[in-house]
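With chain A's structure known, arrange chain B on it following the hints.
2 protein chains.
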Amino acid sequence: MFVIITYDVSDKRVGKVCKKLREYLDWTQNSVFEGEISIGKLSKCMAELNKIIVKEEDSIYLYQINNPRNIKKTVYGKEKNPLDIFL
Amino acid sequence: MFVIITYDVSDKRVGKVCKKLREYLDWTQNSVFEGEISIGKLSKCMAELNKIIVKEEDSIYLYQINNPRNIKKTVYGKEKNPLDIFL
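Those protein sequences? They're chains A and B, same order as listed.
The first sequence begins at 1 in our numbering and counts up one residue at a time.
The second sequence begins at 1 in our numbering and counts up one residue at a time.
The shape of chain A in the complex, shown without the other chains (with noise of 0.2 angstroms):
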């Protein structure tokens, strides 16, 4: 399935967070990750997220879109590349 995860999470946690969504999926822009994944790396990624955040403070939005047809993505202005996280 195709999924889109938006975060806000206290600035102590934010490179955790960044880090373990990396290991699942594609950074799109500011706190958005975008991707493929299938239902059982996104539980587990999720459970792993769970560990992460502090609950009462952080909040971590999840979009599951079944199928990835059902979905159209417009980039407007410029569309960042994956690597600018790096830098």
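Please note that the accuracy of each hint is not assured.
[Stated by the list, open to error] Calculated pairs, EDC-like style, for lysine to aspartate or glutamate (alpha carbon to alpha carbon, straight line, at most 20 angstroms): (1) A:K12 / B:E79; (2) B:K78 / A:E36; (3) A:K73 / B:D26; (4) A:K20 / A:E57; (5) B:K73 / A:D11; (6) A:K72 / B:E36; (7) A:K73 / B:E36; (8) B:K19 / B:E48; (9) B:K12 / A:E79; (10) A:K55 / B:E79; (11) B:K16 / B:D58; (12) B:K12 / B:E48; (13) B:K73 / A:D58; (14) B:K51 / A:E79; (15) B:K72 / B:E48; (16) A:K78 / B:D11; (17) A:K16 / A:D26; (18) B:K78 / A:D11; (19) A:K20 / A:E48; (20) B:K73 / A:E48; (21) B:K19 / B:E57; (22) A:K73 / B:E48; (23) B:K16 / B:E48; (24) A:K51 / B:E79; (25) B:K73 / A:E36; (26) B:K78 / A:E56; (27) A:K78 / B:E23; (28) B:K55 / A:E79; (29) A:K73 / B:E79; (30) A:K78 / B:E56; (31) B:K73 / B:D11; (32) A:K73 / A:E36; (33) B:K72 / A:E36; (34) B:K78 / A:E48; (35) B:K12 / B:D58; (36) B:K78 / A:E57; (37) A:K78 / B:E79; (38) A:K78 / B:D58; (39) B:K41 / B:E23.
Just so you know, the hints here were simulated from the structure itself, not pulled from any lab data.
Same frame as chain A, now just chain B:
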């Protein structure tokens, strides 16, 4: 249709972009908006955003899902209140 819009724009223009998106959609978290919108209104919104952003520096990602049934949203941790943005 249901849309998710994420943006990564210069601090100089973030207020304008945010204000414009609030006219059409619901704020979700950080730089993410979502909601139900007609194609006509979406075109108007994107045309207006295109006038605000500097294409070489800013980026706006638009995800369109024609049938809201095709997308499932799950929140992990704290669900941000849409009013938080005004605090």
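Comparing the hints with the structure gives:
{"no.": "1", "hint": "A:K12 / B:E79", "in the structure": "holds, 19 angstroms"}
{"no.": "2", "hint": "B:K78 / A:E36", "in the structure": "violated, 25 angstroms"}
{"no.": "3", "hint": "A:K73 / B:D26", "in the structure": "holds, 19 angstroms"}
{"no.": "4", "hint": "A:K20 / A:E57", "in the structure": "holds, 18 angstroms"}
{"no.": "5", "hint": "B:K73 / A:D11", "in the structure": "violated, 24 angstroms"}
{"no.": "6", "hint": "A:K72 / B:E36", "in the structure": "holds, 15 angstroms"}
{"no.": "7", "hint": "A:K73 / B:E36", "in the structure": "holds, 16 angstroms"}
{"no.": "8", "hint": "B:K19 / B:E48", "in the structure": "holds, 11 angstroms"}
{"no.": "9", "hint": "B:K12 / A:E79", "in the structure": "holds, 19 angstroms"}
{"no.": "10", "hint": "A:K55 / B:E79", "in the structure": "holds, 9 angstroms"}
{"no.": "11", "hint": "B:K16 / B:D58", "in the structure": "holds, 13 angstroms"}
{"no.": "12", "hint": "B:K12 / B:E48", "in the structure": "holds, 17 angstroms"}
{"no.": "13", "hint": "B:K73 / A:D58", "in the structure": "holds, 17 angstroms"}
{"no.": "14", "hint": "B:K51 / A:E79", "in the structure": "holds, 17 angstroms"}
{"no.": "15", "hint": "B:K72 / B:E48", "in the structure": "violated, 29 angstroms"}
{"no.": "16", "hint": "A:K78 / B:D11", "in the structure": "holds, 15 angstroms"}
{"no.": "17", "hint": "A:K16 / A:D26", "in the structure": "holds, 15 angstroms"}
{"no.": "18", "hint": "B:K78 / A:D11", "in the structure": "holds, 15 angstroms"}
{"no.": "19", "hint": "A:K20 / A:E48", "in the structure": "holds, 8 angstroms"}
{"no.": "20", "hint": "B:K73 / A:E48", "in the structure": "holds, 18 angstroms"}
{"no.": "21", "hint": "B:K19 / B:E57", "in the structure": "holds, 19 angstroms"}
{"no.": "22", "hint": "A:K73 / B:E48", "in the structure": "holds, 18 angstroms"}
{"no.": "23", "hint": "B:K16 / B:E48", "in the structure": "holds, 10 angstroms"}
{"no.": "24", "hint": "A:K51 / B:E79", "in the structure": "holds, 17 angstroms"}
{"no.": "25", "hint": "B:K73 / A:E36", "in the structure": "holds, 16 angstroms"}
{"no.": "26", "hint": "B:K78 / A:E56", "in the structure": "holds, 6 angstroms"}
{"no.": "27", "hint": "A:K78 / B:E23", "in the structure": "violated, 23 angstroms"}
{"no.": "28", "hint": "B:K55 / A:E79", "in the structure": "holds, 9 angstroms"}
{"no.": "29", "hint": "A:K73 / B:E79", "in the structure": "violated, 25 angstroms"}
{"no.": "30", "hint": "A:K78 / B:E56", "in the structure": "holds, 6 angstroms"}
{"no.": "31", "hint": "B:K73 / B:D11", "in the structure": "violated, 29 angstroms"}
{"no.": "32", "hint": "A:K73 / A:E36", "in the structure": "holds, 14 angstroms"}
{"no.": "33", "hint": "B:K72 / A:E36", "in the structure": "holds, 15 angstroms"}
{"no.": "34", "hint": "B:K78 / A:E48", "in the structure": "holds, 17 angstroms"}
{"no.": "35", "hint": "B:K12 / B:D58", "in the structure": "holds, 11 angstroms"}
{"no.": "36", "hint": "B:K78 / A:E57", "in the structure": "holds, 6 angstroms"}
{"no.": "37", "hint": "A:K78 / B:E79", "in the structure": "violated, 30 angstroms"}
{"no.": "38", "hint": "A:K78 / B:D58", "in the structure": "holds, 6 angstroms"}
{"no.": "39", "hint": "B:K41 / B:E23", "in the structure": "holds, 10 angstroms"}
In summary, the numbered hints that this structure violates are 2, 5, 15, 27, 29, 31 and 37.
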